[in-house]
Structure formats: C-alpha cells, structure tokens
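Chains as they are written, first to last, in the working numbering: chain Z, -6 to 62; chain S, -6 to 62; chain Y, -6 to 62; chain L, -6 to 62; chain B, -6 to 62; chain D, -6 to 62.
Please note that the accuracy of each hint is not assured.
A pair holds if it fits inside one copy or across any two, identical chains being indistinguishable in the list.
[Unchecked claim] Lysine to any residue pairs mimicking SDA-like chemistry, simulated, CA-CA at most 20 Å apart:
1) Lys60 - Pro32
2) Lys62 - Pro32
3) Lys26 - Gly5
4) Lys60 - Met44
5) Lys60 - Asn(-2)
6) Lys62 - Glu4
7) Lys60 - Arg3
8) Lys60 - Val27
9) Lys60 - Glu43
10) Lys62 - Asn29
11) Lys62 - Thr9
12) Lys26 - Ser7
13) Lys60 - Glu15
Note that these hints are calculated values from the structure, not bench results.
Number of protein chains: 6
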Amino acid sequence: MPYVNIKITREGQSITAEQKAELIAGVTDLLVKVINRGPATTVVVIDEIEMDNYGVGGESITVRRAKGK
Amino acid sequence: MPYVNIKITREGQSITAEQKAELIAGVTDLLVKVINRGPATTVVVIDEIEMDNYGVGGESITVRRAKGK
Amino acid sequence: MPYVNIKITREGQSITAEQKAELIAGVTDLLVKVINRGPATTVVVIDEIEMDNYGVGGESITVRRAKGK
Amino acid sequence: MPYVNIKITREGQSITAEQKAELIAGVTDLLVKVINRGPATTVVVIDEIEMDNYGVGGESITVRRAKGK
Amino acid sequence: MPYVNIKITREGQSITAEQKAELIAGVTDLLVKVINRGPATTVVVIDEIEMDNYGVGGESITVRRAKGK
Amino acid sequence: MPYVNIKITREGQSITAEQKAELIAGVTDLLVKVINRGPATTVVVIDEIEMDNYGVGGESITVRRAKGK
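Chain Z on its own, in the form it takes in the complex:
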C-alpha cells in the first residue's frame, strides 16, 4: 500500500528507463524490508522537474550548477 513520490531535476542526459525501474523496485523493496508493507499495491511516482523550477537554499538548481554546487 505505501505511496512514494520522488522529485528529481531533469539535467543534461535524462534519467534512463533502467534507472527509473531501479528506483521503483528499490524503494518498493525498502518498504517491504523495513516496515513489511506492500509490495503488490505499492505505488511509486517519479516527477522530473526543470532545473529552473527546483530551488534549494533560495537559488534554482540552474544557478547552483553554474556555481559548481
């Protein structure tokens, strides 16, 4: 049953379908291992966010990447 939402930025080369599949399987497994919930109805949604639309510490990721952060 758990529901998981992962938000990451879309940067240069995108996250591949294989990496997305690893995230989905990995977090589903983690929830079984740690709290014994799921996995049949565990839902995982990955949102890819433009770098201008994601801010940390008051700056967009675009600006942070330009500063080498």
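Given the coordinates of chain Z, work out where chains S, Y, L, B and D should sit on it, guided by the hints.
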C-alpha cells in the same frame, strides 16, 4: 475549499480535454454531495505521468502493460 | 492505477468513516467511468487539515468561517 | 528545512526564469522571516500545469479564461 | 489560482496561528507581486510534520537537532 | 537535492523512530546509488495516514484489513 490532485499515466492517445473536464466537474460534485464542501473554491489538479515514471508493485506501468497487466 | 489525494479541513464534527468510504469509492468509480482506469490499484488518500493551516484568498479557513464565508 | 510546492498554470507566455527565481527566493525569505526556518536546506518546487488540467469551481482554467474569469 | 503546499516540522512550541496567517498572506501576496496570479482562489496548505518523519541529508530532524544542525 | 514523500498507514503499533530513520537513510542512499543525486540536500517526508483515510481498490485500508487483505 477542498483540494484534489489526480495522477494518471499518459498512455497512447492522451486523455482528452473533455475527459479532463468530466474529472474536474465529477470530483467537485462528489465533494459537494458527500461532505457539502465547495464548490466555488474547490481546486482540482490533474498530473499526467509518463508510463516509465509510474510504478505499481515494483514495476513501471510500461513493464506492466507489456505483460498485459 | 490512478492516485488521488484529497485535502479537506477538519471542522467541528469530523468527516465520518462512512463519508470517507463514500469519497474513496466515488472517486475510484469516477476514474473508471470517465477514463477507464483502475480500479484494482487505484489509491485514494484523504488529508484532514486544521482550519488554521488551510488558506484561501490569503486568509485561513478559521478567519473565513468567522466572516461567514 | 521547509519544503514548498507551488502549482501554477502555464498560460500564453510562460513564467520566466527570472520570475521563478523571485518565487524561490521570496518564499525562502518569507519562511526565514516568519518562522525562522531554513534557508540552507529549504526546498521549493514549482509545477507548471496545463490549463486543461487545473480546475477551480468545477471548471478548467481554459474554460474560466474563455469566460473572462 | 495558484496552489501552495508548505511542509515544516513541528518543534517545541508550535507555529502559532498568527505565524500561519502570515505565511498564508505572505505567499499569496508574493504570487500576486511576482506573477500576478490570484489572489481570490489562491490556496495555501501548511503541513506540520513530526521531527522523526522529516529527513534531510539522510538523517531525521530529531537527529540533526541533537547534533546542533 | 531529490525530494521524497512516503505515505503509509498508521496501524496498531506505530512505525518506530528507528524504522523511520531506516526509511530516510535507505531512500537517501538509493538515490545516490542509482542516479548519483544528493545526499546533502535530499529531503524525505513520511506521512502517516489513518486507515480510514487511505483507500485501495475503492475500499479503505480499515475495510481491507477486516477482509484479511
């Protein structure tokens, strides 16, 4: 006042504007009917998610569709 | 597969378990009827929010209720 | 530490990178000023939603704009 | 129309109703000022999260506070 | 930078602080391992949802548990 977020996958032919309008009106009506909240400030947001980015049971919808699930 | 999140305020007498069940069943049915998605893995999560924590038009629901809105 | 998610519609000319930066900086500053939280790990995510996918009062923003709302 | 969700931890003395009102008004004003959206149907939802349930850098806020972070 | 939200039901004995810490650390590590993002500003928020408020397949978890699902 209620706020509703609906996440569905984007598959083959997209959900049409008419279907989106039916979802928005339908869920807004449901909240009035069941709990008498809204409708003037009820907000509904529909997110269309890539099939690789939505997982159920540890697999992406892409993989599930290929398996006929 | 769809995922739905409903946010409503917690006011005076709470929403009953029966009303929550009606919301869960109603929105699940709506998604089958309008876009033929689900219902086996449709997930609905209802969040009940304190009136001080929900704002519309720049004011909390607490203030709006006191003004008769 | 706070996390902020802002959902706005994508209409005609998009919100510019400068406006997004102002929103990120502005909401990060607001959280420091009002509750003294952050700013180093404050996260802000802006979602731009298609006008057909955002409903208010039972109607999509597309329909509301056509009616001059 | 914008929708804003703010997630903060619940620590020691809670955030007061006055502070919540300032956050609601402040973010609603910011969206008018920066992108001229709202304010009549702007929705702001504040979620207060237990310190054990909010993690940054792989550690809960409970652990971070104990370390003086 | 990634942001992760995990929603689980609150059932019988709660999830312990240790289990929450394992989820926070586990998902933070997974994001480093699979896509090399974070970990310093990775944020994880765990929401514990009442069983009446979480629905799967058109039924609340309360009803599903009573049926042995």
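Could you check the structure against the hints above and give me the numbers of any it violates, in ascending order? 5, 8, 11
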